[in-house]
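If you read the sequences in order, they're chains A and B. If you count the first sequence from 1, position 209 lands on 210 in this note's numbering, and the numbers rise without skipping. If you count the second sequence from 1, position 165 lands on 166 in this note's numbering, and the numbers rise without skipping.
Source of the hints: derived by calculation from the structure; they are not laboratory data. Using N, Cα and C, we set each Cβ at its ideal position, and we do this for glycine too. Watch out, some of these pointers could steer you wrong.
As the list claims (entries may be wrong) - Restricting the straight-line Cα-Cα distance to at most 20 Å, the calculated cross-link-like pairs of lysine to aspartate or glutamate (EDC-like) are:
| hint | chain 1 | residue 1 | chain 2 | residue 2 |
| --- | --- | --- | --- | --- |
| 1 | B | Lys-270 | A | Glu-10 |
| 2 | A | Lys-263 | B | Glu-309 |
| 3 | A | Lys-263 | B | Glu-301 |
As the list claims (entries may be wrong) - Covered stretches of chain A (chain B as the covering partner; in silico rule of three or more C-beta atoms under 8 Å from a C-beta of chain B):
| hint | stretch |
| --- | --- |
| 4 | 25-39 |
| 5 | 48-61 |
To be verified - Derived contacts from chain B toward chain A, CB cut-off under 10 Å, selection only:
| hint | residue |
| --- | --- |
| 6 | Leu-115 |
| 7 | Gly-116 |
| 8 | Gly-269 |
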Amino acid sequence: MDLGTFFVERIVVHEVPRNTATTTPEGIVYSDAPSPLDSELRNFFKEKMTRSLIRHGYAVEHDPQQKSPVPSLIQTILADPDQLVPASRDIARHLYDSQPPVSNAGLLVAIFGQLEREACLGILKLEREDAIRVEETTVPGGGRTFSVAHLRDLMLGKHTRLFKASVFHLPGTELSSLDGLVSDDQRGYDPTTEVATFFLARFLGARLRTAPDVATKSFFEATQGWIESKVAEPEKKARYEIALLGEMNRQSHTLSPNSFAKENLDTADQQGFRDYLAEAEAPTSTIEKDLKLVASRVARLSMRFAQSKLKLSGPPEDIDRFVTVNSADSDGAPVEIHDQIDEISGGG
Amino acid sequence: MAASSYTQIASAYENERPLFEALSQRIDGALKRDLKAAGVYSEISSRAKDVGSFVKKALREGYDDPMAEIGDKAGVRVIVPYLEDVQRVEAVVETICAIEDREQKLDALDYDELGYLGVHLQLAPKPRLLSGQADLGPDAPELSDLRAELQIHSKAQSAWAVVSHDLLYKPPVESPEEAKRAITRLVALVELFDGEVDRLRRLIASDPNYPEMAVAAELDDRLLQFTAHSPDRKLSLLSVPFLVHLYECPPDEVVGTHIEPFLDMNRGKLEAIYEAYADDETANPLLTQPEALLIFERLESDRDRLREGWPVDTLDFELLESMALISGIEL
Chain A
2 MDLGTFFVER
12 IVVHEVPRNT
22 ATTTPEGIVY
32 SDAPSPLDSE
42 LRNFFKEKMT
52 RSLIRHGYAV
62 EHDPQQKSPV
72 PSLIQTILAD
82 PDQLVPASRD
92 IARHLYDSQP
102 PVSNAGLLVA
112 IFGQLEREAC
122 LGILKLERED
132 AIRVEETTVP
142 GGGRTFSVAH
152 LRDLMLGKHT
162 RLFKASVFHL
172 PGTELSSLDG
182 LVSDDQRGYD
192 PTTEVATFFL
202 ARFLGARLRT
212 APDVATKSFF
222 EATQGWIESK
232 VAEPEKKARY
242 EIALLGEMNR
252 QSHTLSPNSF
262 AKENLDTADQ
272 QGFRDYLAEA
282 EAPTSTIEKD
292 LKLVASRVAR
302 LSMRFAQSKL
312 KLSGPPEDID
322 RFVTVNSADS
332 DGAPVEIHDQ
342 IDEISGGG
Chain B
2 MAASSYTQIA
12 SAYENERPLF
22 EALSQRIDGA
32 LKRDLKAAGV
42 YSEISSRAKD
52 VGSFVKKALR
62 EGYDDPMAEI
72 GDKAGVRVIV
82 PYLEDVQRVE
92 AVVETICAIE
102 DREQKLDALD
112 YDELGYLGVH
122 LQLAPKPRLL
132 SGQADLGPDA
142 PELSDLRAEL
152 QIHSKAQSAW
162 AVVSHDLLYK
172 PPVESPEEAK
182 RAITRLVALV
192 ELFDGEVDRL
202 RRLIASDPNY
212 PEMAVAAELD
222 DRLLQFTAHS
232 PDRKLSLLSV
242 PFLVHLYECP
252 PDEVVGTHIE
262 PFLDMNRGKL
272 EAIYEAYADD
282 ETANPLLTQP
292 EALLIFERLE
302 SDRDRLREGW
312 PVDTLDFELL
322 ESMALISGIE
332 L
């Protein structure tokens with residue numbers, strides 16, 4: 002999905018209160034019309050959404066197991082943009098119904114626009130610790146709408162909470178072709194976390210396009226394939242292999258191929274690496290990390306030396322911590338082990 | 002020459018004139034296309050000599066065989082800003098026509114003479130000019146036997162040629178000797194003007210940043226396809242040398258080798274971006290600079306070296322981040 006082709010055309014904002022025992026759906030403040038927009042505001046929301054989605058966006062698709070009406074409402078709006086206001090009211094109502102009591106009150110922002118020259122719909126939930134109050138204005142004819150200029154100022158303010166964002170388009174006619182990106186600037190999508198499950202599954206009626214364990218395996222294998230086939234220098238191979246295993250074993254729910262490249266690969270290698278991943282149809286954007294399918298392969302790292310045939314083996318995190326692999330043109334020894342000898346024994 | 006033969010010649014030329022018209026139009030069209038592709042700014046006009054002028058020239062010059070001896074029946078004129086562009090035009094002309102005769106008008110003048118300047122070429126169409134054109138029709142084989150005259154002038158030479166023609170030939174009475182001499186004196190200014198312009202251009206080209214900044218100048222034209230904002234050359238100077246050095250080819254090959262294919266692939270996307278930001282006064286200022294095209298292309302092809310080397314001392318990194326966001330690329 003090329004987010005450079007995402008452009009905002011219309012925005013509708015609804016205020017959604019927290020869903021607790023003391024609140025009712027009557028507390029939702031609906032817009033009667035799209036908010037007034039100019040180029041600056043359109044581009045502000047384009048960039049704000051793009052920033053979130055390219056950094057933390059997960060590829061998602063329709064999940065027929067979910068009962069959410071949102072996919073059908075998205076389909077309705079994409080087929081007839083004039084349905085943006087009424088259909089987004091239903092989306093706001095479903096947000097209220099599906100969110101857990103711990104979810105903050107906030108704003109449901111529905112954005113109709115273009116993505117890859119097709120109609121698309123963005124759905125944002127904006128939250129703040131203190132409930133957001135956005136200026137209401139009256140449209141000609143008497144309906145209510147919200148000032149997105151004021152909303153922008155709130156989003157630029159220091160106390161604005163981050164938000165959950167999503168964008169969908171429908172390359173085909175059936176809901177099965179629904180294609181989207183979903184991000185949560187507050188946290189990654191941990192399937193065990195209620196908040197994330199509510200937004201992705203119960204609210205949006207979507208699921209990750211690729212199961213996390215499959216995506217993780219695909220990234221791991223493609224990266225190993227790239228190191229094996231495209232990296233010539235043995236010391237660099239070792240450095241990258243250590244980095245890969247370090248990344249796999251890092252305590253993090255998510256894995257960003259781009260961040261991995263930036264943090265571990267030489268600048269000249271990064272583009273080739275990304276191109277290789279894309280060609281291998283491995284993930285190139287952030288994925289949920291799940292080691293289930295590669296656990297045994299990331300548990301130990303082995304190195305064999307060229308002349309002596311000596312072998313060094315151990316958990317990747319220990320090798321990362323105690324072993325330094327120097328490049329061929331450095332002054333240091335090719336491999337350094339930074340540790341004290343604890344025990345030596347002979348025998349055959 | 003008998004009077005009847007003039008009517009015959011007029012009639013013969015009248016019959017063939019559509020072919021000369023077709024030839025001059027083909028050369029005109031091909032040059033407009035190829036000179037633009039070669040980055041040569043030019044004004045091009047063409048015509049087939051009208052029958053009346055043809056007959057008068059035949060009378061005036063007393064040709065034995067006017068059909069064969071009058072060389073400008075198909076005529077094309079190319080005006081370029083600078084004298085040094087003349088050679089570039091000739092190089093492009095040679096790809097579509099064989100140059101059978103070249104006359105540098107200055108060479109025909111003695112050292113103590115002043116007069117009409119410019120280059121005249123006698124052209125024979127090459128197969129490339131006559132092939133691959135859907136509108137060619139059945140006249141193609143005949144066109145290959147025809148000849149055309151091409152005049153190449155600098156702007157200053159052209160201005161003098163037009164003015165002197167108007168003052169010397171159009172007045173209802175013979176121009177006085179003093180007027181003729183004054184017009185002739187003006188051509189000295191044309192020679193001086195073109196000479197000084199060339200010297201200044203060489204002086205500017207000796208600037209250490211010139212090869213890189215010439216890329217920015219070349220990109221002005223491409224940027225015009227998307228936005229009409231005037232670029233700020235001093236702002237370009239802050240990033241263009243760095244950006245051009247990211248390409249592993251000589252600066253003068255950057256646009257043709259990298260930017261043109263990128264624009265061909267991404268034209269629709271770029272048009273949509275520039276349309277979205279056209280009225281946005283808070284938009285990234287780099288967007289309306291020629292270097293925007295270099296940045297967009299490098300974001301696609303080499304974003305890591307772009308990010309690592311960005312001249313943060315002179316240009317806020319936020320500007321690059323914003324360009325990446327606009328093009329939907331994670332920096």
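To see whether the hints hold, each was checked on the structure:
1. Straight-line distance between C-alpha atoms of Lys-270 of chain B and Glu-10 of chain A comes to about 16 Å, which keeps the hinted pair within the 20 Å bound.
2. For the proposed pair Lys-263 of chain A and Glu-309 of chain B, the alpha carbon gap of about 10 Å is at most 20 Å, so the pair holds.
3. Among the hinted pairs, Lys-263 of chain A with Glu-301 of chain B is consistent with the structure: their alpha-carbon atoms are about 16 Å apart, no more than 20 Å.
4. By the rule of at least three residues with a Cβ nearer than 8 Å to a Cβ of chain B, the coverage given for the stretch 25-39 of chain A is violated, with 1 such residues.
5. With 5 residues carrying a beta carbon less than 8 Å from a beta carbon of chain B, the stretch 48-61 of chain A meets the three-residue requirement, and the given coverage holds.
6. Proximity of Leu-115 of chain B to chain A is violated relative to the hint, the smallest CB-CB distance being about 58 Å (cut-off 10 Å).
7. The beta carbon of Gly-116 of chain B is not positioned within 10 Å of any beta carbon in chain A (closest approach about 57 Å), and the interface hint is therefore violated.
8. About 7 Å separates the beta-carbon of Gly-269 of chain B from the nearest beta-carbon of chain A, less than 10 Å, and the hint is met.
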